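**Student:** What follows is each chain in one-letter form.
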Amino acid sequence: MSVRILIPTPLRAYAAQQASLQAIGPDVRAVLGELTAKYPALQKHLFDDSGKLRSYVNIYKNEEDIRYLQGQGTALAAGDTVSIVPSVAGGSGVAEELPKLSKEEIRRYSRHLIMPEVTLEGQRKLKAARVLLVGTGGLGSPAALYLAAAGVGTLGLVDFDVVDESNLQRQILHGTGDVGRRKVLSAKDSVLSVNPHVNVVLHEVRLTSENALEILKDYDIVADGTDNFPTRYLVNDACVLLGKPNVYGSIFRFEGQASIFGAPGGPCYRCLYPEPPPPGLVPSCAEGGVLGVLPGMIGILQATEVVKLIMGIGEPLVGRLLLYDALGMTFRTLKLRRNPECPVCGDHPSIKELVDYEAFCGIADEPEEDETALTAVELKARLDKGEKLVLLDVREPHEAAIARIEGSRLIPLNDLPGRVSELDSTDSIVAYCHHGLRSASATAFLRSAGFRKVQNLSGGIDHWAVQVDPNLARY
Amino acid sequence: MKIRVLYFASLREKLGRAADDLEVPAGATPRAVLDQVLGEKLAQYRAAVAFSVNHEYTPGDRPLSDGDEVAFLPPVSGG
Ligand SMILES: [Zn+2]
Numbered sequence: 000m001s002v003r004i005l006i007p008t009p010l011r012a013y014a015a016q017q018a019s020l021q022a023i024g025p026d027v028r029a030v031l032g033e034l035t036a037k038y039p040a041l042q043k044h045l046f047d048d049s050g051k052l053r054s055y056v057n058i059y060k061n062e063e064d065i066r067y068l069q070g071q072g073t074a075l076a077a078g079d080t081v082s083i084v085p086s087v088a089g090g091s092g093v094a095e096e097l098p099k100l101s102k103e104e105i106r107r108y109s110r111h112l113i114m115p116e117v118t119l120e121g122q123r124k125l126k127a128a129r130v131l132l133v134g135t136g137g138l139g140s141p142a143a144l145y146l147a148a149a150g151v152g153t154l155g156l157v158d159f160d161v162v163d164e165s166n167l168q169r170q171i172l173h174g175t176g177d178v179g180r181r182k183v184l185s186a187k188d189s190v191l192s193v194n195p196h197v198n199v200v201l202h203e204v205r206l207t208s209e210n211a212l213e214i215l216k217d218y219d220i221v222a223d224g225t226d227n228f229p230t231r232y233l234v235n236d237a238c239v240l241l242g243k244p245n246v247y248g249s250i251f252r253f254e255g256q257a258s259i260f261g262a263p264g265g266p267c268y269r270c271l272y273p274e275p276p277p278p279g280l281v282p283s284c285a286e287g288g289v290l291g292v293l294p295g296m297i298g299i300l301q302a303t304e305v306v307k308l309i310m311g312i313g314e315p316l317v318g319r320l321l322l323y324d325a326l327g328m329t330f331r332t333l334k335l336r337r338n339p340e341c342p343v344c345g346d347h348p349s350i351k352e353l354v355d356y357e358a359f360c361g362i363a364d365e366p367e368e369d370e371t372a373l374t375a376v377e378l379k380a381r382l383d384k385g386e387k388l389v390l391l392d393v394r395e396p397h398e399a400a401i402a403r404i405e406g407s408r409l410i411p412l413n414d415l416p417g418r419v420s421e422l423d424s425t426d427s428i429v430a431y432c433h434h435g436l437r438s439a440s441a442t443a444f445l446r447s448a449g450f451r452k453v454q455n456l457s458g459g460i461d462h463w464a465v466q467v468d469p470n471l472a473r474y
Numbered sequence: 000m001k002i003r004v005l006y007f008a009s010l011r012e013k014l015g016r017a018a019d020d021l022e023v024p025a026g027a028t029p030r031a032v033l034d035q036v037l038g039e040k041l042a043q044y045r046a047a048v049a050f051s052v053n054h055e056y057t058p059g060d061r062p063l064s065d066g067d068e069v070a071f072l073p074p075v076s077g078g
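Chains as they are written, first to last, in numbering that gives the first Met the number 0: chain A, 0 to 474; chain B, 0 to 78.
These are computed hints drawn from the structure, not numbers from a lab.
Values in this document were obtained by computation on a predicted structure and should not be read as measured data.
Heads up, some of the hints might be wrong.
Below, in silico cross-link-like pairs of lysine-lysine (DSS-like), each with a Cα-Cα straight-line distance of 25 Å or less [stated by the list, open to error]:
(1) Lys40/B with Lys334/A
(2) Lys51/A with Lys99/A
(3) Lys307/A with Lys384/A
(4) Lys187/A with Lys243/A
(5) Lys1/B with Lys452/A
(6) Lys99/A with Lys37/A
Covered by chain A, per the in silico footprint, the following chain B stretches (three or more residues, Cβ under 8 Å) [said to hold, decoys possible]:
(7) 3-10
(8) 18-31
(9) 35-46
Just so it is clear, CB atoms sit at the ideal spot from N, CA and C, and this is done for glycine as well.
Let the sequences and hints guide you as you build the complete structure.
**Tutor:** Written out as structure tokens, the structure reads:
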């Protein structure tokens, strides 16, 4: 009955630098006994004076926490893996004192303290915890506010953006008066007004392969609330490499998803999606829109999982992908498994350091000079000269109802293949949409269908409104 | 055999519906069903979609059984 015991980095100093070893025994108690007999210095880091497992030490049999099995009496079979995992909040996993609470903090957190699942110890774990929120937008906003209110001791905030009016419909860290301010500063004000006891650490940078490990290494848990694929893969890979849980949330229009990636034995984002989608296939919130309250739901799910991980209570959302549909008001859970072939968390990983995630996601550094594109100012000049142009609006009718360029024809992008016969391939056509992405697809499609004189309005009607017609509504 | 197919996120938006009940040949795989649903117009989704069968993530080449519920999950990046 040989089983493998995995020893976490901070404890290897007490186990002759071993990362794993084989042991023989019928249950967890027996193999841990064998381990501490071999390395007596480990004893006081795993067990307290009365011989109980220390609260900041979690033991997993394969993918399951033994607290949800039969504790140390959990039976083992040959080939099982027993992982020793320091609790995320205790920090290093080496015996260290949790911070004390002041009288004022005890009053503030009394509704936590009276619950036997939390108690003073759980609240002190929250105070000891260091949580990094990547993004202070739709997901990061509710997550930051609730984590601050709950008493998380250190909150790191990563964002390099500035508050825009179109953020206010959902990004509740930022108010009307914050428009134009740096997001990290307005986020910090909101967090401290909820709870001045929080130590807020600002990272006003774009997370990159160069800085990610350095920033993430000081935190116990990372919550991913970014809005683009390169950063999602970067956060995933960095968390796997550092062994930090990544509490993941993502949203699209009326739907959201959440999970915990990179937890011991559990899957990572790449187990689910090894490769990013082709660029332009999956619209962002700016392109696809998003229901304002949607990130509230998903961000709070993330905050809930963070709090549970810190206190070590309940069933973490590891190995499960939660799918939320606001329109149907349904939640479904899909079972996920770690993929042994996963390029980053698999048994033989091919990715051992961070890569260039922009290139990985097919996003070029510099957009190439494109002869098929023209600017709003160029379009205006050509129209003013009296040139005969067909303005083709490829947006949806409900968008055209908000604002349109005079004299344009509406054929939504999705209908274009079926309605292409309505256009004349000898005409000069300028396609436009909201920001220039859909019309770029339309331009490419029409060119492949034999239309030679098609151009795309870069920046879409939004640039037109800014540069040419300020009376037009922007949305 | 009969299966139920669920569409999520951008695929749901593109197709304009959330689900289909489909008659497919015995032993059809999630990937084959996806190809059939996407047709040529949405072929660029082929490589981007993850699959689950009966609430469990699964590779695209596992044969389906009668009555299975298949979900097609394109990735989502909004935050
Ligand atoms: Zn993985």
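**Student:** Taking the hints in turn, state whether each one holds.
**Tutor:** Cross-check of the supplied hints:
no., hint, result
1, Lys40/B with Lys334/A, "31 Å, violated"
2, Lys51/A with Lys99/A, "22 Å, holds"
3, Lys307/A with Lys384/A, "65 Å, violated"
4, Lys187/A with Lys243/A, "24 Å, holds"
5, Lys1/B with Lys452/A, "47 Å, violated"
6, Lys99/A with Lys37/A, "35 Å, violated"
7, 3-10, "holds (count 3)"
8, 18-31, "violated (count 0)"
9, 35-46, "holds (count 4)"
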